[in-house]
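A.B. asks: Chains as they are written, first to last, in this note's numbering: chain C, 2 to 301; chain W, 3 to 344; chain H, 2 to 282.
Hints in this document: simulated from the structure, not taken from any laboratory. It cannot be assumed that every hint is accurate.
Derived list of chain W stretches under chain C, where covered just means 3 residues or more per stretch with a C-beta under 8 Å from a C-beta of chain C [unchecked claim]:
id, region
1, 153-165
2, 288-299
3, 310-318
Between beta-carbon pairs, the in silico distance windows are [to be verified]:
id, chain 1, residue 1, chain 2, residue 2, range
4, W, Ala333, H, Thr83, 41 to 49 Å
5, C, Phe86, W, Ser95, 53 to 61 Å
6, C, Phe86, W, Gly170, 25 to 33 Å
7, W, Val334, C, Arg129, 28 to 36 Å
8, W, Val191, H, Gly23, 30 to 38 Å
9, H, Asp260, C, Arg129, 54 to 62 Å
Here are a few chain H residues that face chain W, going by a calculated C-beta distance under 8 Å [what the hints assert, rightly or not]:
id, residue
10, Ala89
11, Tyr104
12, Ser105
13, Asn107
14, Leu122
15, Gly125
Heads up, the beta-carbon is just placed ideally off N, CA and C, and yes, glycines get one too.
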Amino acid sequence: MSDAIRSEIQIRPPSVPSRMAASLARAGRKLADEPLGLAGFIILGLLCMIAIFAPLLAPYDPTVQALGDALHPPSLAHPAGTDEFGRDILSRLIFGTRITIQTVLSISLIVGPIGLLIGIVAGFFGGRIDALLMRATDIVLSFPSLILALAFAAALGAGLTTAIIAISLTAWPPIARLARAEALVVRNADYVVAARLYGASPMRILLLYIAPMCVPSVIVRLTLNMAGIILTAASLGFLGLGAQPPAPEWGAMISSGRKFMLDYWWVAVMPGIAILLTSLAFNIAGDALRDILDPRHARS
Amino acid sequence: MKELSAAEFGRRLAHLLISLFILLCVTFVIGRVLPADPVGAIVGELADPAAYAAMRARLGLDLPIYQQFFLYLNGLAHGDFGTAALTGNPVSSDLAQAFPATFELATLAVIISTFVGVPLGLVAALFRDSLIDKTARVIALVGHSIPVFWFGIVGLVIFYAGLNWVGGPGRIDVFYEGLVTPQTGLLLVDSLMQGETEIFWNALNHIILPAVILAYAAMAYITRMTRSFTLEQLSQDYVIAARAKGVSPTGTILRHVLPNIAVQLITILAISYGGLLEGAVVTEIVFSWPGIGQYMTNALMIGDMNAIVAGTIIVGFIFMLLNFLADVAYAVFDPRMRETAR
Amino acid sequence: MQDRDLQPVLSVKALNVRFGRGAVPAVSNVSFDVGRERVGIVGESGSGKSTTGRAIMRLLPPAAIVSAERLDLSGSPLLSKTERQMGALRGKDIALIMQDPRYSLNPVLSIGKQIAEAARLHLGLRKNQAYDAARAMLERVRISDPDRVMALYPHQISGGMGQRVMIAMMLLARPKLVIADEPTSALDVSVRKDVLLLLDELVRENNSGLLLISHDIRMVAAFCERVIVMYAGRIVETLTRLEDARHPYTRGLIAALPDPRNPVRRLAVLDRAKLDLETAQ
């Protein structure tokens, strides 16, 4: 018996990196079962790659004008045709990916933490704080988000940063609600109760115990909502409120192409295809993510 | 049916009124506080100094914020949304003129999306995982991901410029403009009432494409929700009992399941209508549709804050009103809020 | 005509039901006949008794695979029928009485409408006549003031009344075979006997066969001429009187029943390991 205690074999829990690798591998396997979801992630990955390596991938400079080549239909030289200034549309689309990714990342980084914070504070503390925060969340949720984003962007002045702020102002409520729902569940967990009993400060509990549990579902919701946010951003761009010309913002490209849509359709149509693909990718990836991270949410 | 107690109704109404008030605060901030130059935003950059000073006095920009706010609310209470920079008219009359066009478009779109979306959702649920179901899911997915204004452009390119199946931008051909006296403001209704069938067909020709485009986006939501509601019901005992009674599958869906999901559908429709209004705002300009959307879009392009704020308030109010009505309908009719049997 | 009386209403031979890729069949090699008599199927949850009942009606979910050497209703094979043909039979020639009227009645339709639907479907009656037939049927199931009840909704009536409504609805067309799946399990003990007596009366009146499915062996034995005992998807024994029970499972079930005349300190419990061994043989 005492031999067992002094056994040479040391039992060690697997290290954190190897645990993370294992769960990633699990997630990857599950993803492989869903070819559609995998496709979504691949497209998103490609978009990131395109954004990063844009200067290397784009065949032409997106801003240089060549009026002699204006409004050429799609051809081998210009797979997406040229616009009214002779610029290659495909190159502009490629560079436009950067704006899209930038928009998506910025909004996620604003809306995610803020929504999460509001939600877990409301869920954890309950009572008046919860009522107040949720009332505010519900009110913002009942506003028409697109219209308000338009109005905000108009008031703040046109530009990518103001567009991002404008969209973020109305995009946080779903995240807050979700985080609150999760927090309500987690706060009753044994380890949280134990932490409170031994005197951990609320701040510590919130940040170290509750927030991490809410992160997966917040990520899923953000991914799903990104699809819609991209459309909102494109609408803002279409109305001239996003990144300003000559920046190759997809929505703005549709707007300027609209003048020629009846005779030179590709100028307005091509950017929309890019938007559609991106939004689709987020939707599909978000659905797959939801199935992986939350098996309770049965695919109906 | 459950009677909604006065207290519950009052609570929901209070919520609506508070939300409305917050909306007005937000629009006040948007219109007066945020812009670097609120006066310039209203009178335009080329206004002469006298007009500028007059507007500045009118807005009371030298007053403390809360007084400005009261002035603002006061103006709104009197229906004064200010003057539009583009037309020079009071914004309220501009909006009143533009509203029927949007109303006609959104209403037709919601009708189309309901009559296509609900049956599609029902069938998709009934034949779960079949080809129809999968197709419906794909249609819904695309509808969820497509930029509506771009879809409108594609539609015009294909069906107007390409195939010439539908009329082009605008509500009717220039040829027919002004021939129908506006009674309801709805061209389709007015032209029929006045017996102008040729104009009716022309108007229909023009409205059908934007209506279908808008309907598609709404349909994605309606189909998905109908399917979800129906699936929920299909696993219930009463459905098995109906089948055991000998009711046909169609009869089960129509006479048994549909009444059970009717209320949920109505709330979905109300929400979709709100979404359609938003969609119309960006899409009207593609079709040169003379509604609130085009009005606001033009205002956005020149930065006319009065018009923008007014449009935001109107659309926001309708949006919230629809949600409120949907909420109330749900509370009154929800079959799940049943008293247990004695 | 005499032949038809002798022919069993329901004839089942080697019925098997499997759910998808499930390893254990829900129902295995079940055979029995039901004439114009009352037959009971007794078993615990998971014994396959309800599944058998649903399989006969062909109301199992699509994932279920049903096969049998014979599944005949008055000589007419059921398994080969199309869904449409089955639909014509259900409610008219075979009826299913379900357990809990709170859930098996449509919550948003009035009672009158639901019963009248059966009259319209199977008796071909038009609206007013259908309502008259519904009223008559409600009287038949001994509901006083049927007009008032017809206007009510399922959540406004008691469980006992709900089952009477269910019986009225399903027996209106005088089906040849009535399958009652735990008809009294959701009811208060005080009303159970009345509902069963009513069911019994109607079945005798129509000269139909009754297949009574329940976990209550005493109740089934009291009401049925024959009792089929099922365990783990198989028929374990068939008896006419409780005293004749021979199989250890049946005897175990009976022994586990509390008897107010012989109170004991500990109720007997089934020895499952032994049972599983014996049933597998």
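A.B. asks: Give a verdict on every hint.
C.D. replies: Verification of the supplied hints:
no.	hint	in the structure
1	153-165	holds (count 7)
2	288-299	holds (count 3)
3	310-318	holds (count 6)
4	W/Ala333 x H/Thr83: 41 to 49 Å	holds (44 Å)
5	C/Phe86 x W/Ser95: 53 to 61 Å	violated (40 Å)
6	C/Phe86 x W/Gly170: 25 to 33 Å	holds (26 Å)
7	W/Val334 x C/Arg129: 28 to 36 Å	holds (30 Å)
8	W/Val191 x H/Gly23: 30 to 38 Å	violated (60 Å)
9	H/Asp260 x C/Arg129: 54 to 62 Å	holds (59 Å)
10	Ala89	holds (7 Å)
11	Tyr104	holds (4 Å)
12	Ser105	holds (4 Å)
13	Asn107	holds (4 Å)
14	Leu122	holds (5 Å)
15	Gly125	violated (12 Å)
When the structure is compared with the earlier hints, violations turn up for hints 5, 8, 15 and for no others.
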